[in-house]
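Q: Here are the chains, one letter per residue:
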Amino acid sequence: MKRSTIDLWVGLFVAIGIAAVVFLSLKVANLTPQSADQTYTLYADFDNIGGLKVKAPIKEAGVVVGRVAAIQLDTKTYRARVTLNLEKQYTFSRDASAEILTAGLLGEQYIGLLQGGDPDELKPGEHITLTSSALVLEQLIGKFMTSFTGGNNKNSASAAQ
Amino acid sequence: MTELLLSPLRRLGHSTINAIWRLGFITRFLLAILRYSGQSLLRFNLTIREIYFAGVMSVIIVVVSGLFVGMVLGLQGYNTLSRFGSADALGALVALSLLRELGPVLAALLFSSRAGSAMTAEIGLMKATEQLDAMSVMAVNPIARVVAPRFWAGVISMPILAAMFNVMGIFGGYLIGVVMIGLDSGTFWSQMQNNVDLHYDVINGLIKSLCFGIVVTLIAVFEGYDATPTAAGVSAATTRTVVTSALVILAVDFVLTAFMF
Numbered sequence: 000m001k002r003s004t005i006d007l008w009v010g011l012f013v014a015i016g017i018a019a020v021v022f023l024s025l026k027v028a029n030l031t032p033q034s035a036d037q038t039y040t041l042y043a044d045f046d047n048i049g050g051l052k053v054k055a056p057i058k059e060a061g062v063v064v065g066r067v068a069a070i071q072l073d074t075k076t077y078r079a080r081v082t083l084n085l086e087k088q089y090t091f092s093r094d095a096s097a098e099i100l101t102a103g104l105l106g107e108q109y110i111g112l113l114q115g116g117d118p119d120e121l122k123p124g125e126h127i128t129l130t131s132s133a134l135v136l137e138q139l140i141g142k143f144m145t146s147f148t149g150g151n152n153k154n155s156a157s158a159a160q
Numbered sequence: 000m001t002e003l004l005l006s007p008l009r010r011l012g013h014s015t016i017n018a019i020w021r022l023g024f025i026t027r028f029l030l031a032i033l034r035y036s037g038q039s040l041l042r043f044n045l046t047i048r049e050i051y052f053a054g055v056m057s058v059i060i061v062v063v064s065g066l067f068v069g070m071v072l073g074l075q076g077y078n079t080l081s082r083f084g085s086a087d088a089l090g091a092l093v094a095l096s097l098l099r100e101l102g103p104v105l106a107a108l109l110f111s112s113r114a115g116s117a118m119t120a121e122i123g124l125m126k127a128t129e130q131l132d133a134m135s136v137m138a139v140n141p142i143a144r145v146v147a148p149r150f151w152a153g154v155i156s157m158p159i160l161a162a163m164f165n166v167m168g169i170f171g172g173y174l175i176g177v178v179m180i181g182l183d184s185g186t187f188w189s190q191m192q193n194n195v196d197l198h199y200d201v202i203n204g205l206i207k208s209l210c211f212g213i214v215v216t217l218i219a220v221f222e223g224y225d226a227t228p229t230a231a232g233v234s235a236a237t238t239r240t241v242v243t244s245a246l247v248i249l250a251v252d253f254v255l256t257a258f259m260f
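For the record, the sequence lines run as chains U and X.
Those letters in the first sequence? Residues 0 to 160, per numbering that gives the first Met the number 0, in order.
Those letters in the second sequence? Residues 0 to 260, per numbering that gives the first Met the number 0, in order.
Derived by calculation from the structure, the hints in this document are not laboratory data.
Any given hint might turn out to be false.
[As the list claims (entries may be wrong)] No more than 16 Å apart at the CA atoms, straight line, and that leaves these computed lysine to aspartate or glutamate pairs for EDC-like:
| hint | chain 1 | residue 1 | chain 2 | residue 2 |
| --- | --- | --- | --- | --- |
| 1 | U | Lys26 | X | Asp196 |
| 2 | U | Lys58 | U | Glu86 |
| 3 | U | Lys52 | X | Glu121 |
| 4 | U | Lys54 | X | Glu121 |
| 5 | U | Lys122 | U | Asp94 |
[Unchecked claim] If you want the footprint, here are the derived chain U segments under chain X, 3+ residues with CB under 8 Å:
| hint | region |
| --- | --- |
| 6 | 72-84 |
| 7 | 138-145 |
Note that the coordinates shown come from a computational prediction; the quantities given were computed from them, not determined experimentally.
Positions of the beta carbon are idealized from the N, C-alpha and C atoms, including for glycine.
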């Protein structure tokens with residue numbers, strides 16, 4: 000076979016291979032070139048983050064406005080410090096609140112932001128002060144059980160009287 | 000009586016020494032390939048020719064297998080996931096299983112039987128017909144002229160073939176999940192995109208296939224070079240290539256998976 004034909008086929012082969020890798024990175028892994036100048040960082044301290052993971056979405060009114068960049072334990076207060084990477088186009092007021100929510104009953108956890116009414120905006124690197132923790136199902140069941148048995152005791156106590 | 004006891008021991012010792020000797024030989028063979036690679040990569044058209052025979056000719060089998068594997072994953076995944084009411088996760092299931100395991104491993108298995116066996120047979124026959132010796136006589140290094148181009152062709156082709164396998168598999172899963180069963184196309188892709196990480200899944204899968212490329216082609220060229228120079232020897236070497244590659248691919252896959260994920 001002529002050398003130019005072989006060159007052509009190999010060139011086509013490599014080009015298709017590169018196209019496949021590009022497809023896998025862009026369409027399948029959803030690589031969006033998100034450099035640091037397009038996002039800014041906020042922090043939020045939670046008592047309990049439940050099953051929140053790095054790269055979990057941050058949503059305001061259901062719209063994804065950023066992703067969780069890092070989760071650390073603050074060794075002074077023993078609260079979880081979550082680093083939020085938010086897109087520059089979305090700014091939030093000083094009294095915005097963050098809560099950890101669950102998609103569906105047992106789905107993945109995400110951070111829900113709620114815009115406040117303060118005219119001052121949060122600047123990069125500042126903390127969201129109003130936070131509420133993740134709903135831990137076991138704790139909820141535990142509380143429910145204790146209140147249930149407590150109620151029973153009260154009933155039995157009133158019956159005894 | 001002692002001979003009766005000693006002869007199985009002697010056989011065991013012989014096969015152990017033989018196995019270790021072959022392991023050492025294949026390592027030195029790899030070093031020799033790397034040493035003469037510069038020389039052979041200077042004449043890159045030799046490697047391009049081998050990429051054509053090893054890589055381009057394997058595209059059809061890889062693409063068709065990838066499509067069918069993806070479609071099977073789509074069907075089986077849907078059957079199982081729908082039992083738990085999470086058929087939406089089908090895109091993530093198909094993409095993750097292909098990118099992490101099935102793509103690199105199956106493409107490497109196909110490559111070893113399609114291209115690796117051909118390499119072994121070709122080099123083995125060159126040895127049997129004394130072409131390699133003739134090259135040495137003409138002061139042409141057979142490792143630089145014959146072995147190294149084939150080795151690099153395999154190493155270059157393998158990740159490309161694995162990527163093609165992945166893309167066709169995901170397309171097959173899409174065909175079954177979205178076109179045939181009727182899942183929502185947007186959910187299919189967004190579930191996939193939320194769960195697939197570029198470095199963790201895509202790059203690690205490509206690293207895997209690169210390792211398989213090195214291993215499979217090294218075994219193929221080594222078995223050819225080491226073949227007994229007879230018709231029976233070449234046929235035995237070809238068989239050994241396919242069997243050894245398959246086992247080594249699965250073993251290396253286990254080790255890589257344990258390290259990566």
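Q: What are the numbers of the hints that this structure violates, sorted from low to high?
A: 3, 4, 6, 7
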